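Chains as they are written, first to last, in numbering that gives the first Met the number 0: chain A, 0 to 500; chain B, 0 to 360; chain C, 0 to 309.
One thing to keep in mind: the hints can contain errors.
[Said to hold, decoys possible] Listed next, the in silico SDA-like pairs over lysine to any residue satisfying Cα-Cα at most 25 Å (straight line):
id, chain 1, residue 1, chain 2, residue 2
1, B, K350, A, K278
2, B, K236, A, G329
3, B, K142, C, V284
4, B, K352, A, K278
5, B, K236, C, G302
6, B, K350, A, S393
7, C, K117, B, G180
8, A, K109, C, F158
9, C, K161, A, W426
10, A, K156, C, G166
11, B, K171, C, G263
12, B, K142, A, A264
13, B, K247, C, V92
14, B, K5, A, W426
15, B, K236, A, W426
16, A, K109, C, Y184
17, A, K278, A, R226
18, B, K352, C, V284
19, C, K161, A, R74
20, C, K161, A, G116
21, C, K238, C, G165
22, B, K352, A, S397
23, B, K236, A, A288
None of these hints come from the bench; they were simulated from the model.
Source: prediction; values computed, not measured.
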Amino acid sequence: MSKTLLHLSGLTKAYPGVIANDDVSFDIGAGEIHALLGENGAGKSTLVKMIYGLVRPDHGTMLLAGDNFTPAEPRAARAAGVAMVFQHFSLFEALSVAENIALGMENPPKANALSTGITDVSQAYGLPLDPERLVGDLSAGERQRVEIIRCLLQKPKLLIMDEPTSVLTPQEVTTLFTTLRKLKADGTSILYISHKLEEIRTLCETATILRGGKKVATCDPREKSARELAEMMVGGTLNSAKLQKTTLGEVVLKVSDLSLPPQTAFGTSLKSISFQLHKGEVLGIGGVAGNGQDELLACLSGEVRTAADAIQLNGVSLGHMPPNTRRALGVLAAPEERLGHAAAPDMTLTENAMLTAMTRKNLSHSGFLDWPRAEAYAKLVIDQFDVRTPGPHSAARSLSGGNLQKFVIGREVLQDPEVLIVNQPTWGVDAAAAADIRQALLDLASRGAAVIVISQDLDELMEISTNFAALNAGRLSDARPMAELSLDEIGLLLGGADAAA
Amino acid sequence: MLRLEKRPNPSQAWGYLAPILAVITTMIGGGVMFALLGKDPFEAIRTIFYDPLFSEFAWYYRPQLLIKGAPLILIAIGLSMGFRAGIWNIGAEGQYIIGAICGAGAALSVYPLDSVFIFPVMILFGAIGGFAWAMIPAILKTKFGTNEILVSLMLVYVAEQLLASMSLGLMKNPEGFGFPGSRNLQQYASAHNAELWTGTAIHMGVVFALISVIFAYIMLARHQMGFHIRLTGESPKAAKFAGVNPNKLVIYCLGFSGALAGLAGMFEVAGPSGQISIDFNVGYGFTAIIVAFLGRLNPFGIMLAGLLMALTYIGGEIAQSSLGLPSAAIQALQGMLLFFLLALDMLTNFKIKLAKAEVRI
Amino acid sequence: MDLSAISPTLLVASLMVAATPILLAAIGELVVEKSGVLNLGVEGMMITGAFSGFAAAVLTGSPMVGFLCAAIGGAALSVIFAILTQYFLSNQVATGLALTLFGLGLSAMLGQSYVGIKPPVSAKLDLPLISDIPVIGPILFSHDFTVYAALTLVTGVWFFLKYTRGGLILRAVGESHDAAHALGYKVVRVRILAIMFGGGCAGLGGAALSLVRVPQWTEGMTAGAGWIALAIVVFASWKPARVLLGAYLFGGVAVLQLNLQAAGVSIPVEYLSMSPYLITIIVLVVMSTNRAKSALNAPAALGRVFHASR
Numbered sequence: 000m001s002k003t004l005l006h007l008s009g010l011t012k013a014y015p016g017v018i019a020n021d022d023v024s025f026d027i028g029a030g031e032i033h034a035l036l037g038e039n040g041a042g043k044s045t046l047v048k049m050i051y052g053l054v055r056p057d058h059g060t061m062l063l064a065g066d067n068f069t070p071a072e073p074r075a076a077r078a079a080g081v082a083m084v085f086q087h088f089s090l091f092e093a094l095s096v097a098e099n100i101a102l103g104m105e106n107p108p109k110a111n112a113l114s115t116g117i118t119d120v121s122q123a124y125g126l127p128l129d130p131e132r133l134v135g136d137l138s139a140g141e142r143q144r145v146e147i148i149r150c151l152l153q154k155p156k157l158l159i160m161d162e163p164t165s166v167l168t169p170q171e172v173t174t175l176f177t178t179l180r181k182l183k184a185d186g187t188s189i190l191y192i193s194h195k196l197e198e199i200r201t202l203c204e205t206a207t208i209l210r211g212g213k214k215v216a217t218c219d220p221r222e223k224s225a226r227e228l229a230e231m232m233v234g235g236t237l238n239s240a241k242l243q244k245t246t247l248g249e250v251v252l253k254v255s256d257l258s259l260p261p262q263t264a265f266g267t268s269l270k271s272i273s274f275q276l277h278k279g280e281v282l283g284i285g286g287v288a289g290n291g292q293d294e295l296l297a298c299l300s301g302e303v304r305t306a307a308d309a310i311q312l313n314g315v316s317l318g319h320m321p322p323n324t325r326r327a328l329g330v331l332a333a334p335e336e337r338l339g340h341a342a343a344p345d346m347t348l349t350e351n352a353m354l355t356a357m358t359r360k361n362l363s364h365s366g367f368l369d370w371p372r373a374e375a376y377a378k379l380v381i382d383q384f385d386v387r388t389p390g391p392h393s394a395a396r397s398l399s400g401g402n403l404q405k406f407v408i409g410r411e412v413l414q415d416p417e418v419l420i421v422n423q424p425t426w427g428v429d430a431a432a433a434a435d436i437r438q439a440l441l442d443l444a445s446r447g448a449a450v451i452v453i454s455q456d457l458d459e460l461m462e463i464s465t466n467f468a469a470l471n472a473g474r475l476s477d478a479r480p481m482a483e484l485s486l487d488e489i490g491l492l493l494g495g496a497d498a499a500a
Numbered sequence: 000m001l002r003l004e005k006r007p008n009p010s011q012a013w014g015y016l017a018p019i020l021a022v023i024t025t026m027i028g029g030g031v032m033f034a035l036l037g038k039d040p041f042e043a044i045r046t047i048f049y050d051p052l053f054s055e056f057a058w059y060y061r062p063q064l065l066i067k068g069a070p071l072i073l074i075a076i077g078l079s080m081g082f083r084a085g086i087w088n089i090g091a092e093g094q095y096i097i098g099a100i101c102g103a104g105a106a107l108s109v110y111p112l113d114s115v116f117i118f119p120v121m122i123l124f125g126a127i128g129g130f131a132w133a134m135i136p137a138i139l140k141t142k143f144g145t146n147e148i149l150v151s152l153m154l155v156y157v158a159e160q161l162l163a164s165m166s167l168g169l170m171k172n173p174e175g176f177g178f179p180g181s182r183n184l185q186q187y188a189s190a191h192n193a194e195l196w197t198g199t200a201i202h203m204g205v206v207f208a209l210i211s212v213i214f215a216y217i218m219l220a221r222h223q224m225g226f227h228i229r230l231t232g233e234s235p236k237a238a239k240f241a242g243v244n245p246n247k248l249v250i251y252c253l254g255f256s257g258a259l260a261g262l263a264g265m266f267e268v269a270g271p272s273g274q275i276s277i278d279f280n281v282g283y284g285f286t287a288i289i290v291a292f293l294g295r296l297n298p299f300g301i302m303l304a305g306l307l308m309a310l311t312y313i314g315g316e317i318a319q320s321s322l323g324l325p326s327a328a329i330q331a332l333q334g335m336l337l338f339f340l341l342a343l344d345m346l347t348n349f350k351i352k353l354a355k356a357e358v359r360i
Numbered sequence: 000m001d002l003s004a005i006s007p008t009l010l011v012a013s014l015m016v017a018a019t020p021i022l023l024a025a026i027g028e029l030v031v032e033k034s035g036v037l038n039l040g041v042e043g044m045m046i047t048g049a050f051s052g053f054a055a056a057v058l059t060g061s062p063m064v065g066f067l068c069a070a071i072g073g074a075a076l077s078v079i080f081a082i083l084t085q086y087f088l089s090n091q092v093a094t095g096l097a098l099t100l101f102g103l104g105l106s107a108m109l110g111q112s113y114v115g116i117k118p119p120v121s122a123k124l125d126l127p128l129i130s131d132i133p134v135i136g137p138i139l140f141s142h143d144f145t146v147y148a149a150l151t152l153v154t155g156v157w158f159f160l161k162y163t164r165g166g167l168i169l170r171a172v173g174e175s176h177d178a179a180h181a182l183g184y185k186v187v188r189v190r191i192l193a194i195m196f197g198g199g200c201a202g203l204g205g206a207a208l209s210l211v212r213v214p215q216w217t218e219g220m221t222a223g224a225g226w227i228a229l230a231i232v233v234f235a236s237w238k239p240a241r242v243l244l245g246a247y248l249f250g251g252v253a254v255l256q257l258n259l260q261a262a263g264v265s266i267p268v269e270y271l272s273m274s275p276y277l278i279t280i281i282v283l284v285v286m287s288t289n290r291a292k293s294a295l296n297a298p299a300a301l302g303r304v305f306h307a308s309r
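If we strip away everything but chain A, and leave its shape as in the complex, we get:
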């Protein structure tokens, strides 16, 4: 790299109880795609927030193109030429694309000029987008384009991208990479945050690896193997979950012609979903966020009622039944949102154990609750799933993401379900906990239960699924054995093309 654009030295930021960043130093060159690699909780977000002016460092200095750089707020960072595409988009659903973009600019031009500007940039970088549409009606990939165009209109020197591919299909990823390479060719530097190693090896020429808030190394990722990078990131060797070879048993769950109108203003409808689930099977359902995952889980868990016959367990129709009746029959679920859906944030773990285990664990006698038993069950989950917490009296919100997820999954697994449906079981969970959770799901299947894993993480699905189906715009493709599918075929399925075609 010829010139350094951003020079970071000795950046430190401490929060009560954690040092999020500890003496981090590295350089980003002009026109360089620089990867920032690390596990959840390694301090990537904090570092980036310091560069973007959302958080002020305790110590350390930053130089942007040789000048002292101390942005007090995002506005200052943007004025200096730093733009950022967030992982959880900072978009407003009820506003139009143009309005969203105007909000991200310091001095937006008049409405007409802005529309033209949007169209120009979107054509130049291959990001088609209609300025008048409401963001709430866009797909995840299109929303990301809004964010990127918002940044590009500012002509940034440095573009920060936080986990940009987590919401994209493989084909969309390819398009994104083309755009990013064009930007690089125009001289824009890109700080690319990810934990997906293969991506980084194809896209980036430099990578900085963080672990536990400290910089581990800066290297050329193309010269390292994915395994080497992973071990630097985790700081040890990795176990991956092992699927025990099982033969599939008879059909337990039969879903036929399951349809659902949209539940909210910007919700997705489900369109005639059908599949069969066998004993011992792990059915992986892939798909980009917002294609009906939450709705499908709600239909299966009983939060949303459908036609009785649409869902059948061992021949019993249960589409019309409320959640607890289904639990009694053995259909359990764990939704994606840990805090506020799978668990109540301010309630204790004991109370959260009561939340779903009331029926199957006999925690209620004619309406009166057996708290000692609930506490014992919470303790059992904590012990068996190695949940790190002071005890069952802790509030759910006090647990880290990984620990709470282990509690949530454990709470369902230990109820011996016949069918377990989980949505994004390892989203935002550290690698060790994620491996434990996957192993628990596989063990459950090997004991004869049927498991549905809804996930956006293709690596995860390829690792643990027996069969695979893709959810696109509320339609589910036919389920096919995972082993027979290539990455390209999966990509096509996720994009909505049925592999049979």
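Position chains B and C relative to chain A; hints supplied.
Chains B and C only, in chain A's frame:
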């Protein structure tokens, strides 16, 4: 610069401390307010908070505590259930009025019949009246998703007009020389909600208030319904996942609070007030909202808060006659108390930290 | 009974006067709710404005000073709400209720010595020639200042929300405070300003009641007008033009029932008096039946507590 930081676990200590501190800060704030009105602040605060309990005439005021406290507690217990679940019945004043009209109506329609069944029937009618009035916002909310706050409140004004119509028309005392207002139930033995033990001021409403406190405690701590109510308040989505039917909960919470408010109105009209009149309602239904929050939506807390609020009512009356303090001053003081409580409540969930160099709060 | 005594022209002219207090309060609350804050204290701010405006007008003899003080009084009360909900992160529903209870108590307490006094008369526009035009004259050109102030405010708010950057930022904050915060907008500051604007408008609305519509001071004289203003914001599905429609509709009902009372219709007065409240309920029900449509306009972050963590 001060900064808020969320506690990992809600602080129990602050849960108890906040209401106590709120009362103390209200005394200070109220003192300042009275001083601005040109009254001696220490005298005023002593008259309101101390005299009813310990002055020369305390023997007269102490039983009054129960008379004023019972309806407040009864209503607040009902409201607290809904408030915990995020169901906001703020029309208890209306349910209180309708309960009174129904209870009194049951008695007046059989006047002057003498029977031991009259009073129990009145209790039943009072509860049904309040329940039915609360069912209007409940059903509109479950069927059409109409906002229960606005509907229940609008119905207060409707109920007040009904009350006026009743005391001027249908229920007007035929022997009342043309004055508005119904017959006095205190003079109708079968319908009179009399003291159970002379001189104690304990009437049936006090007993019901106590029962409601115990019932609510068991409900919230031990019963599935109470758990579902708390769960819905904490996280509606998690509640739905746990299998709670939100519509049933709306019906239950509004119905329960309506019935209790109706009971309170019935006990009041058959006892301390004695008759249906235009100015029968004095705002218990609104003050009960403060009572519910001050008691932290906890049944025993509400009992204490109800008594405290009764104390300020009585103290306010004394201050009115002895110091010339405007009667509305007490209402302002009660509002102030709720402000301080809401502000201090934050400390159960947040810590205040001195920020070093953090970017904005 | 003599229904012919009710003149349509006078009816329209007086419904504009009758609607003005509610219109003022509702347009203020619309801005507050668009910023994502639900302030149920409108009634309290209105009555505070009604009192402070009345007192100031009586003391100075100038209705204009009265209106100014009413706006300041309403805004001052709303600052309590702003501090509690924005800095102390209190529950907005509970805090709004507290504001109403406190405002009613405070105004009743301070207002005791003002009961029964007549305020100075607010000047009407009464332009010599055009206000004499039949029908149009009395309807359009012979009102007092508040009627025009309210109409100007509605137009101003509509323009602000639709065409200005400030309006866009306000809507964005109400839509998603987290996203707005991530873009570097000052969520808390925007909301506090909106709350104060709402308070000022509610205060003005109160003064329109105590100085123009009634005009005198009585305890609790708002009689639910603040709550009706809240209902009108829902009815209007957060659109300024429809707030105007809602308020005038409501004003029409209020004036009509008063006229019917005066005309001696054989319905008891109490039932006529409860009609505005019943109609509000009916309108709320009708609006909530097609919620899917109006939900698009409802600010998504309405009533949610904002705490910028890390």
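Cross-check of the supplied hints:
1. B:K350 - A:K278: violated (50 Å)
2. B:K236 - A:G329: Answer holds: B:K236 to A:G329 is near 21 Å, not above 25 Å.
3. B:K142 - C:V284: holds (9 Å)
4. B:K352 - A:K278: Outside the cut-off at roughly 54 Å; violated.
5. B:K236 - C:G302: Holds, at roughly 17 Å.
6. B:K350 - A:S393: Given pair B:K350, A:S393 holds - Cα atoms ~17 Å apart, limit 25 Å.
7. C:K117 - B:G180: violated (32 Å)
8. A:K109 - C:F158: The given pair, whose Cα atoms are some 16 Å apart, holds under the 25 Å limit.
9. C:K161 - A:W426: Given pair C:K161, A:W426 is violated - Cα atoms ~39 Å apart, limit 25 Å.
10. A:K156 - C:G166: With Cα atoms ~30 Å apart, A:K156 and C:G166 exceed 25 Å; violated.
11. B:K171 - C:G263: Distance ~22 Å between B:K171 and C:G263 Cα, so the pair holds.
12. B:K142 - A:A264: holds (19 Å)
13. B:K247 - C:V92: The given pair, whose Cα atoms are some 22 Å apart, holds under the 25 Å limit.
14. B:K5 - A:W426: holds (23 Å)
15. B:K236 - A:W426: holds (19 Å)
16. A:K109 - C:Y184: The given pair, whose Cα atoms are some 20 Å apart, holds under the 25 Å limit.
17. A:K278 - A:R226: violated (34 Å)
18. B:K352 - C:V284: Violated - the C-alpha atoms of C:V284 and B:K352 are around 46 Å apart, more than 25 Å.
19. C:K161 - A:R74: It holds: about 24 Å lies between the C-alpha atoms, which stays within 25 Å.
20. C:K161 - A:G116: holds (21 Å)
21. C:K238 - C:G165: holds (17 Å)
22. B:K352 - A:S397: The hint holds at about 19 Å.
23. B:K236 - A:A288: Given pair B:K236, A:A288 holds - Cα atoms ~19 Å apart, limit 25 Å.
Hint violations for this structure: numbers 1, 4, 7, 9, 10, 17, 18, all remaining hints satisfied.
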